[in-house]
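Given these sequences and hints, build the entire structure.
Under the numbering used here, the first residue of the sequence shown carries the number 0, and numbering increases by one thereafter.
In short, the hints are calculated from the structure, not lab data. Idealized CB from N, CA, C, for every residue including glycine. Accuracy of the hints is not assured; some may be wrong.
Mimicking BS3-like on lysine-lysine, the simulated pairs with C-alpha atoms at most 30 Å apart in a straight line are [unchecked claim]:
1. Lys112 / Lys16
2. Lys16 / Lys75
3. Lys75 / Lys112
Taking CB as the label site, the calculated pair distances span [unchecked claim]:
4. Ser141 / Gln120: 28 to 34 Å
5. Ala133 / Thr85: 28 to 34 Å
6. Arg123 / Leu7: 29 to 35 Å
7. Gly25 / Arg117: 39 to 45 Å
8. Pro1 / Ala119: 46 to 52 Å
9. Ala66 / Ser141: 34 to 40 Å
10. Arg123 / Ala76: 31 to 37 Å
11. Ser3 / Ala119: 35 to 41 Å
12. His83 / Asp143: 27 to 33 Å
13. Ala102 / Leu147: 16 to 22 Å
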Amino acid sequence: MPQSFACLHHHLIFSAKNRAPLITPGVQPRLFDYVGGILRSEGCALTAAGGMPDHVHLLVSLDRQVAIADALRIIKANSSRWVHETFPTLSGFAWQAGYGAFAVSYSHLDRVKAYLSRQAQHHRRMTFQEEFIAFLQRHGISYDERYLWD
0 MPQSFACLHH
10 HLIFSAKNRA
20 PLITPGVQPR
30 LFDYVGGILR
40 SEGCALTAAG
50 GMPDHVHLLV
60 SLDRQVAIAD
70 ALRIIKANSS
80 RWVHETFPTL
90 SGFAWQAGYG
100 AFAVSYSHLD
110 RVKAYLSRQA
120 QHHRRMTFQE
130 EFIAFLQRHG
140 ISYDERYLWD
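Take a look at the structure:
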C-alpha cells in the first residue's frame with residue numbers, strides 16, 4: 000500500500016501544578032482555543048476540551064507522525080508561555096510534570112465529548128485525584144500514589 004492512514008484519538012488529562020485553581024472561566028475558553036491552534040500547527044486537531052479550574056481534559060486527534068509525549072510537551076510549553084504573556088497576574092501558572100493519555104476508539108468519541116462537557120457536574124461528586132486514579136484503574140495502569148501529584 001503506497002499510503003499510510005491512521006485514526007488516533009486520545010483523551011489527555013493533566014492538571015495545573017499543585018492543582019492550583021488558576022484556569023478560571025475567563026481563561027479556560029481562550030486557553031482551549033490556543034491549544035487547538037497549537038495542535039493544528041502540528042497537523043493534529045483538538046476535537047473537544049473540558050475541565051475545571053485545576054485541570055484539563057483534551058480529546059485530540061494526533062497526526063500519525065506525532066508521538067503523544069511530543070504533543071504533550073508542545074501543548075504544555077506553549078500554552079504555559081501563552082498564559083504568562085496573556086494573563087500577567089498568572090505569572091505563577093505551570094502545568095504538572097505528568098499526564099494521563101488514554102486511547103479512544105472512534106466509536107466512543109461522542110461518549111468522551113459528552114464526558115468532557117459535563118466536568119462541572121462530575122466534579123460535584125469526585126475530586127480530580129479520585130477521577131484520575133479511576134482512569135488509571137479502569138485502564139489497568141499500575142501506579143504508586145506517592146508519585147502521582149506535584
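So, going through the hints one by one against the coordinates:
no.: 1; hint: Lys112 / Lys16; result: holds, 25 Å
no.: 2; hint: Lys16 / Lys75; result: holds, 11 Å
no.: 3; hint: Lys75 / Lys112; result: holds, 21 Å
no.: 4; hint: Ser141 / Gln120: 28 to 34 Å; result: holds, 30 Å
no.: 5; hint: Ala133 / Thr85: 28 to 34 Å; result: holds, 33 Å
no.: 6; hint: Arg123 / Leu7: 29 to 35 Å; result: holds, 32 Å
no.: 7; hint: Gly25 / Arg117: 39 to 45 Å; result: violated, 21 Å
no.: 8; hint: Pro1 / Ala119: 46 to 52 Å; result: holds, 47 Å
no.: 9; hint: Ala66 / Ser141: 34 to 40 Å; result: violated, 22 Å
no.: 10; hint: Arg123 / Ala76: 31 to 37 Å; result: holds, 32 Å
no.: 11; hint: Ser3 / Ala119: 35 to 41 Å; result: holds, 40 Å
no.: 12; hint: His83 / Asp143: 27 to 33 Å; result: holds, 32 Å
no.: 13; hint: Ala102 / Leu147: 16 to 22 Å; result: holds, 20 Å
Consistency note: the structure conflicts with the earlier hints numbered 7, 9.
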